[in-house]
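Asks: The residues making up each chain are set out below.
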Amino acid sequence: MVLCLVALLVFAVLSIWSAKYRVLAKEAFGCVAKMVTFKPCDVRLETKIKAKVASKLMIVPALARFFYKYFKALSWAFTIAFFASLAYSAYSIYNLLVFGTCTPGEPCAITGFAGLCILVIEQYAAYAIIAVMIIAVAYFLLKKQKKEK
Amino acid sequence: MNIEKIRADFPVLQKKVDGKQFSYFDSACTTLKPRQVLDAMNAYYTEYTGCAGRSVHKFARRTEEEFAKARSKAAKFINAPPSEIIWTKNTTEAINLVAHGLKFNPGDRIITTNLEHSSGLLPWQAVAEKGAVLDFVLCSKEGEFNPEDFKKKLGRKTRLVSAIHSSNVTATTSPLKEIAKIAHDAGALVLADCAQSVPHFPIDVKSLGIDFLAFSGHKMLGPTGIGCLYGREDLLKKLNPMLLGGETIKDATLQAHVLEDLPDRLEAGIQNYAGAIGLGAAVDYLSGIGMQDIEDYEKNISKALVEGLLAIPQVSLLGPKDFKKRGSLASFSVKGMEPHDIALMLNDRNFFLRSGMHCAYPIHKFLGLPKGSVRASLYLYNSADEVKLFIENLSQIIKTFS
Ligand SMILES: Cc1ncc(COP(=O)(O)O)c(C=O)c1O
Numbered sequence: 001m002v003l004c005l006v007a008l009l010v011f012a013v014l015s016i017w018s019a020k021y022r023v024l025a026k027e028a029f030g031c032v033a034k035m036v037t038f039k040p041c042d043v044r045l046e047t048k049i050k051a052k053v054a055s056k057l058m059i060v061p062a063l064a065r066f067f068y069k070y071f072k073a074l075s076w077a078f079t080i081a082f083f084a085s086l087a088y089s090a091y092s093i094y095n096l097l098v099f100g101t102c103t104p105g106e107p108c109a110i111t112g113f114a115g116l117c118i119l120v121i122e123q124y125a126a127y128a129i130i131a132v133m134i135i136a137v138a139y140f141l142l143k144k145q146k147k148e149k
Numbered sequence: 001m002n003i004e005k006i007r008a009d010f011p012v013l014q015k016k017v018d019g020k021q022f023s024y025f026d027s028a029c030t031t032l033k034p035r036q037v038l039d040a041m042n043a044y045y046t047e048y049t050g051c052a053g054r055s056v057h058k059f060a061r062r063t064e065e066e067f068a069k070a071r072s073k074a075a076k077f078i079n080a081p082p083s084e085i086i087w088t089k090n091t092t093e094a095i096n097l098v099a100h101g102l103k104f105n106p107g108d109r110i111i112t113t114n115l116e117h118s119s120g121l122l123p124w125q126a127v128a129e130k131g132a133v134l135d136f137v138l139c140s141k142e143g144e145f146n147p148e149d150f151k152k153k154l155g156r157k158t159r160l161v162s163a164i165h166s167s168n169v170t171a172t173t174s175p176l177k178e179i180a181k182i183a184h185d186a187g188a189l190v191l192a193d194c195a196q197s198v199p200h201f202p203i204d205v206k207s208l209g210i211d212f213l214a215f216s217g218h219k220m221l222g223p224t225g226i227g228c229l230y231g232r233e234d235l236l237k238k239l240n241p242m243l244l245g246g247e248t249i250k251d252a253t254l255q256a257h258v259l260e261d262l263p264d265r266l267e268a269g270i271q272n273y274a275g276a277i278g279l280g281a282a283v284d285y286l287s288g289i290g291m292q293d294i295e296d297y298e299k300n301i302s303k304a305l306v307e308g309l310l311a312i313p314q315v316s317l318l319g320p321k322d323f324k325k326r327g328s329l330a331s332f333s334v335k336g337m338e339p340h341d342i343a344l345m346l347n348d349r350n351f352f353l354r355s356g357m358h359c360a361y362p363i364h365k366f367l368g369l370p371k372g373s374v375r376a377s378l379y380l381y382n383s384a385d386e387v388k389l390f391i392e393n394l395s396q397i398i399k400t401f402s
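Which chain is which? The protein sequence lines are A and B, in order.
The first sequence begins at 1 in the working numbering and counts up one residue at a time.
The second sequence begins at 1 in the working numbering and counts up one residue at a time.
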């Protein structure tokens with residue numbers, strides 16, 4: 001259910017360029033509309049995303065299985081991270097416009113260019129994500145090796 | 001049966017989807033259409049568009065002829081006279097027509113089963129809301145009926161037994177002939193939902209001994225929006241029309257009207273001529289191949305399907321394990337996976353199946369499957385190679401996720 005929100009935003013942006021995404025954005029909008037009006041949510045979009053991604057991940061079966069099994073938890077984590085980073089970015093832009101720096105009180109490396117500035121602000125978050133990904137890949141590789149033995 | 005020749009008749013089978021071959025395993029929902037059906041419908045629109053039974057010009061007369069021919073073909077297909085065939089939109093409308101048209105008194109009993117499609121259940125629930133009593137015969141866990149169970153349910157006040165002929169979930173076929181005999185002995189009428197049987201094996205209403213029979217054109221290579229209700233003439237005459245309007249009356253004043261004879265009185269308004277003509281062409285196509293040959297061929301590919309599914313340990317097959325007791329579809333559930341997920345993953349690999357409740361909620365609940373099942377349904381254009389490839393792909397998916 002929560003993934004609808006992310007899907008709506010992502011597909012809405014992508015649909016500016018491609019008609020294919022317009023269809024998905026419309027579907028995501030329908031799902032969000034149902035969610036906010038407390039009607040039973042149409043689970044199809046999430047089911048579709050889950051099945052599609054799981055299918056694509058089948059080249060690494062363990063990863064596909066992990067994704068399929070923990071899809072709900074992963075989608076919540078993804079949604080929270082998405083909105084947290086969105087809020088954080090908005091906060092940075094606000095600071096940049098009002099104070100001329102993304103992090104008031106600290107010197108900002110490049111204050112003149114919003115996009116780069118946000119990158120600087122988010123670099124700690126980016127490090128964290130990369131670290132988690134490395135751990136996950138290492139975990140699956142180790143598990144695979146163990147199985148082959 | 002020459003499968004390559006048959007496949008060549010279906011324009012959609014000459015196409016690729018996303019640049020790849022596809023396998024259509026959803027014929028229990030609706031079938032693909034051969035060129036012959038599309039051509040017959042197109043001819044009505046491009047060569048002689050008209051209204052049957054109203055105007056006197058050449059196009060109207062040709063429409064009337066073709067429309068009448070289509071009725072005769074549909075009638076012959078189930079060994080009924082044309083006068084006992086009523087055009088409907090589909091099976092659903094045919095059953096509703098009987099449910100609406102028969103007069104039930106408070107306390108009259110209607111017997112149906114837990115294997116019914118919503119189309120064969122909800123119309124009777126509506127009748128029950130007006131005072132009739134609805135009772136059910138339950139099938140076994142494999143979807144089979146014991147005719148004795150019908151006997152136990154039938155009583156003096158039973159007016160009608162409505163039963164599914166071939167199940168769209170368990171692939172079983174009900175012992176309709178025995179059920180009809182038991183019902184008639186008790187003075188009740190019998191309606192059979194033959195949406196999944198008429199397309200797959202020879203049906204003879206006279207030998208089955210039933211009073212009403214419903215089927216849809218789109219499940220037997222015909223177009224959507226056309227179906228048939230067969231009814232014994234004396235019973236059809238007693239049906240109260242569900243719709244009134246053009247063609248249903250002989251005469252009208254401002255206050256009243258005199259109903260037309262059969263079949264017109266039950267076919268209100270301009271009819272789906274192209275649909276009926278298309279269904280007539282579908283009947284020609286199936287009869288040209290031979291229904292017995294179609295049944296035999298389907299048994300063969302179903303055997304491969306059932307055996308393939310049974311060989312996957314995580315799969316639970318709905319219905320009997322013996323392919324001889326089954327029709328050409330197989331519904332199944334997979335341990336640890338949801339039906340929609342499986343269908344979507346197969347869709348990614350261009351295998352088109354149906355997942356969910358298949359409009360048959362009670363039987364899925366009865367079998368302990370609140371999320372439904374996945375269903376692969378085959379027809380005369382499916383090949384043994386497709387089935388083999390499907391089993392391979394399904395096994396791979398299940399091995400990864402289940
Ligand atoms: C057994 C059975 N009965 C009735 C129907 C309803 O058919 P239609 O939607 O064409 O009216 C179906 C359709 O799937 C069916 O399988």
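Accuracy of the hints is not assured; some may be wrong.
Capping the alpha-carbon separation at 27 Å, the derived lysine-lysine pairs in DSSO-like fashion look like this [as the list claims (entries may be wrong)]:
(1) A/26 with B/371
(2) B/365 with A/56
(3) B/16 with A/20
(4) A/52 with B/153
(5) B/399 with A/52
(6) A/72 with B/16
(7) B/15 with A/52
(8) B/250 with A/69
(9) B/388 with A/48
(10) B/335 with A/52
(11) A/20 with B/15
(12) A/56 with B/16
(13) A/52 with B/58
(14) A/72 with A/26
If you are wondering where the hints come from, they were derived from the structure by calculation, not from laboratory data.
Asks: Regarding the pair residue 16 of chain B and residue 20 of chain A, is the alpha-carbon distance no greater than 27 Å?
Replies: Judged against 27 Å, a Cα distance of about 19 Å means the pair holds.
Asks: Straight-line Cα separation of residue 26 of chain A and residue 371 of chain B no greater than 27 Å?
Replies: Answer holds: residue 26 of chain A to residue 371 of chain B is near 26 Å, not above 27 Å.
Asks: Check the hint pairing residue 388 of chain B with residue 48 of chain A against an upper bound of 27 Å on the C-alpha distance.
Replies: holds, 25 Å
Asks: Would you mind confirming whether the straight-line C-alpha gap from residue 399 of chain B to residue 52 of chain A stays at or under 27 Å?
Replies: holds, 17 Å
Asks: With the threshold set at 27 Å, check whether the alpha-carbon distance from residue 56 of chain A to residue 16 of chain B stays at or below it.
Replies: holds, 21 Å
Asks: For the pair supplied as a hint, residue 72 of chain A and residue 16 of chain B, is the alpha-carbon distance within the 27 Å limit?
Replies: violated, 34 Å
Asks: For a C-alpha distance cap of 27 Å, please report whether residue 15 of chain B and residue 52 of chain A respect it.
Replies: holds, 23 Å
Asks: Given the hinted pair residue 335 of chain B and residue 52 of chain A, is their Cα-Cα distance within 27 Å?
Replies: This hinted pair holds, its Cα atoms lying about 20 Å apart.
Asks: Is residue 365 of chain B within 27 Å of residue 56 of chain A, Cα to Cα?
Replies: violated, 33 Å
Asks: Sort out whether residue 58 of chain B lies within 27 Å of residue 52 of chain A, counting only the CA atoms.
Replies: violated, 55 Å
Asks: Quick one, are residue 20 of chain A and residue 15 of chain B close enough, alpha carbons at most 27 Å?
Replies: Roughly 21 Å separates the two Cα atoms, so the pair holds.
Asks: Residue 52 of chain A and residue 153 of chain B: Cα distance at most 27 Å?
Replies: Distance of about 48 Å is beyond 27 Å: violated.
The structure is inconsistent with the numbered hints 2, 4, 6, 8, 13, although it conforms to all the rest.
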